[in-house]
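Engineer: Spelled out, the chains give:
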Amino acid sequence: AQKVTQAQTEISVVEKEDVTLDCVYETRDTTYYLFWYKQPPSGELVFLIRRNSFDEQNEISGRYSWNFQKSTSSFNFTITASQVVDSAVYFCALSERNTGFQKLVFGTGTRLLVSP
Amino acid sequence: GAVVSQHPSRVICKSGTSVKIECRSLDFQATTMFWYRQFPKKSLMLMATSNEGSKATYEQGVEKDKFLINHASLTLSTLTVTSAHPEDSSFYICSAKEDTKETQYFGPGTRLLVL
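Chain order of the listed sequences is A and B.
My numbering applies: residue 1 is where the first sequence begins, and numbers increase by one.
My numbering applies: residue 1 is where the second sequence begins, and numbers increase by one.
Heads up, a few of these hints could be off.
As the list claims (entries may be wrong) - Subject to a maximum C-alpha distance of 20 Å in a straight line, what follows is the list of computed EDC-like cross-link-like pairs (lysine to aspartate or glutamate):
#1 A/Lys70 <-> A/Asp55
#2 B/Lys41 <-> A/Glu10
#3 A/Lys103 <-> B/Glu63
#4 A/Lys103 <-> B/Glu102
#5 A/Lys38 <-> A/Glu17
#6 B/Lys41 <-> A/Glu44
#7 A/Lys3 <-> B/Glu102
#8 B/Lys101 <-> B/Glu52
#9 A/Lys103 <-> B/Asp99
#10 B/Lys41 <-> A/Asp86
#11 B/Lys20 <-> A/Glu44
#12 B/Lys101 <-> A/Asp55
Hint data in this document are derived by calculation from the structure and do not stem from the laboratory.
Extracted from the complex, chain B is given alone in its bound form (with noise of 0.2 Å):
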């Protein structure tokens, strides 16, 4: 069980483009969803949490209209990097966690790597 999918794992794009990462909790209803970067080497910073149906609170010192999240379903969350620039390449990871359990899941993790 806690089975969290992520999509794709591993994308190149050219810079300006935006790009999409899907979140997907398979076997549980994630209330709250997590968005991580790490950057090699070093630990998880959390970048936003979103809860299904509002709207995503970010950490200090992340864009929003940067790093567009949206938690449409109890199953889904999608992280879009807008006008992506070779800074914004990184490990982007998500977890999820259902509603009154204290454990995140964490999916496997997307790579980008911006051009």
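One chain only, chain A, in its complex shape (with noise of 0.2 Å):
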């Protein structure tokens, strides 16, 4: 069955460190989806990147990194440089080709608090 874990339920830290967020998926699944979504206090969920299985190359954007390793079903985020404003509740995310790709299946969320 597909499942995914984000460890850290809550991570703090002061502004300018670096912060990584953990995902560990499971899926038997050999075509799948990964997602990391946003969630601000304002509630809305706000799409951050999205990475097939077939592709392992690590991603940068900004500030923003993702490190996707299948040998160890592992989907990390990394913030750098951490600003205030990236104080949110982050998702990571699984679909799968068995259900047409139309089921998100989510982490509990990881809480990341960045002081002044």
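These two chains come separately, so use the hints to put the complex back together.
Structural biologist: Printed below as a string of structure tokens:
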């Protein structure tokens, strides 16, 4: 069965620190997508990135970077030089081909608090 | 691009009344829309999946007569909470997906408080 685990419930850092949010997934499907979403205090889920199972290249977008490793079933997210505006809950999610990529399975989220 | 709106953003109602929440995809055609519920400090729980022009598919444990979903057009889905009770108070979020695309885009959510 598919499952997404975000073991870090809450992380507190001081501005300008780097922080890595962990995500470990389980799936029996060979074709799947992994996602990260940000949920600021306002509540809206903001799409950050999508990665398919055949593309293990790491990605960097500004201060954000993602490390996808199939060998460890992990899709970790690093924020470099964190800012107060990064404070939010971050969700990792998985969708599989056997559901037609229709069903998103979410992790429990990691609450990031960045202090000035 | 890929903007999803939800209305209302916040609603307070009396127990026993029905509440309708609208979800619209503003700049794309959403063949599939999803309704989630989120309790405080918890993850999102999928309630149902709706495809345009057909009946919604409800997740196990979600009462379809309680949570009526209509997806009448490619840009609009509605969730009606019928005969709402205090335990229905929650944050409801919709998402929308284009056909052949893999990413769901989420609306801003609706906070429902039933007194």
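Engineer: Each hint: holds or not?
Structural biologist: Quick rundown of the hints versus the structure:
1. A/Lys70 <-> A/Asp55: holds, 10 Å
2. B/Lys41 <-> A/Glu10: Between lysine 41 of chain B and glutamate 10 of chain A the Cα gap is close to 11 Å, so the pair holds against 20 Å.
3. A/Lys103 <-> B/Glu63: holds, 19 Å
4. A/Lys103 <-> B/Glu102: Answer holds: lysine 103 of chain A to glutamate 102 of chain B is near 10 Å, not above 20 Å.
5. A/Lys38 <-> A/Glu17: holds, 19 Å
6. B/Lys41 <-> A/Glu44: holds, 14 Å
7. A/Lys3 <-> B/Glu102: Holds, at roughly 18 Å.
8. B/Lys101 <-> B/Glu52: Roughly 16 Å between the alpha carbons, so the hint for lysine 101 of chain B and glutamate 52 of chain B holds.
9. A/Lys103 <-> B/Asp99: Given that 20 Å is the threshold and the Cα spacing comes to 14 Å, the pair holds.
10. B/Lys41 <-> A/Asp86: Distance of about 17 Å is within 20 Å: holds.
11. B/Lys20 <-> A/Glu44: holds, 19 Å
12. B/Lys101 <-> A/Asp55: holds, 17 Å
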